[in-house]
Amino acid sequence: MIHPTAIIDPSATLGANVSVGPYSVIGANVTIGADCEIGPHVVIKGPTTIGKRNRIFQFASIGEECQDKKYRGEPTQLHVGDDNVIRECVTMQRGTVQDEGLTRVGSRGLYMAYAHIAHDCRIGDDVIVANASQIAGHVHLGDYAILGGGTMVHQFCRIGTGSMTGAGTVVFKDIPAYVMAQGNPAKAYTMNFEGLKRRNYDAASLAALKRAYKTVYRQGITLQEAIDILARDTTPCVQTFHASLVASKRGIVR
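Residue numbers (the UniProt record's numbering): 1 to 254.
Some hints could be false.
What the hints assert, rightly or not - Quick list of the computed label-pair ranges, beta carbon to beta carbon:
| no. | residue 1 | residue 2 | range |
| --- | --- | --- | --- |
| 1 | Gly183 | Val246 | 20 to 26 Å |
| 2 | Arg198 | Glu74 | 37 to 43 Å |
| 3 | Phe172 | Asn17 | 40 to 46 Å |
Hints are computed from structural coordinates only; laboratory data are not their basis.
Backbone N, C-alpha and C define an ideal beta-carbon position, used for all residues, glycine too.
All chains, full assembly: derive it from the sequences and hints.
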C-alpha cells in the first residue's frame, strides 16, 4: 500500500488501508484517516489532519504554510473531512494566528484541478470547486455551494449555502444562500433552483424562495428593509437565506 519511493515522516500517523503512491512526501505531524488514497507526487505537510476515504491525486500540495507575509512559522493547522476528491495540483494551506490558526475543509467535496484553498478558510460539506478556482484567505463557503471554473473569491467573502457562480466569476462581495452569481464583478441573477430541486426541496419552499429573492433584488427597497420583511417568514429555507444576509459584513452582490 506504501510505495517504496514514498517518504513518510516517523511522526506521521496513517490509518488502516491508506495507500501512498510513488514519490509522495508525508511530513511531520500529519494524520491521515483510514482508506485514503494518496496518489503519486503528493506533498502533505503538518500540522494537518485528513479524515477517512479521501482521494488525493498527483501533484496536490496539502497543508503547506500559507502565502501570507504575516506568517512567522507558527504551528497552525489544516483539517480536512471525509470522502473528498482532491484532484491534480490542488493546494490547501494552513491557517494563521491572526484568525483561528485553522483552515477547515468539510466532507464529500469535489476540488477540481488547480483549485486553491487559502489560509483560514471555512469550507462546508458537499461543495464543488471547479477547475482553477481560487479562494483567498478567510473565506467562508457554505454547504452545497458550487464555484464555476476559474472563479476568483476575494478574502473575507462569505458564499452562502447552496449558492453557485458561473465560470470566470470574480467575487468581491458576499453571495447570499442559494443565489446564482456571475460576472466581473459578480452580479446576482436568480437562485439555484435546479440545484434545490435535485436536493428535493418542495414546491412550497421554492415558491417562498422566489418571493424572498424578489424582496431583496426586485422591489427597490434597502437591504435592511428586505431583511426586516424576511425575518417574518418562518419557511426554513427562507430563514437560511435571511441568516446569510444578516451575517454579511462586506455587503452582498446585487
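Results of checking the hints against the structure:
1. A beta carbon spacing of about 25 Å between Gly183 and Val246 agrees with the range 20 to 26 Å that was offered as a hint.
2. At roughly 42 Å, the beta carbons of Arg198 and Glu74 sit within the given window of 37 to 43 Å.
3. Restraint check, Phe172 to Asn17: a C-beta distance of roughly 44 Å satisfies the suggested window 40 to 46 Å.
In this structure, none of the earlier numbered hints is contradicted; all agree with it.
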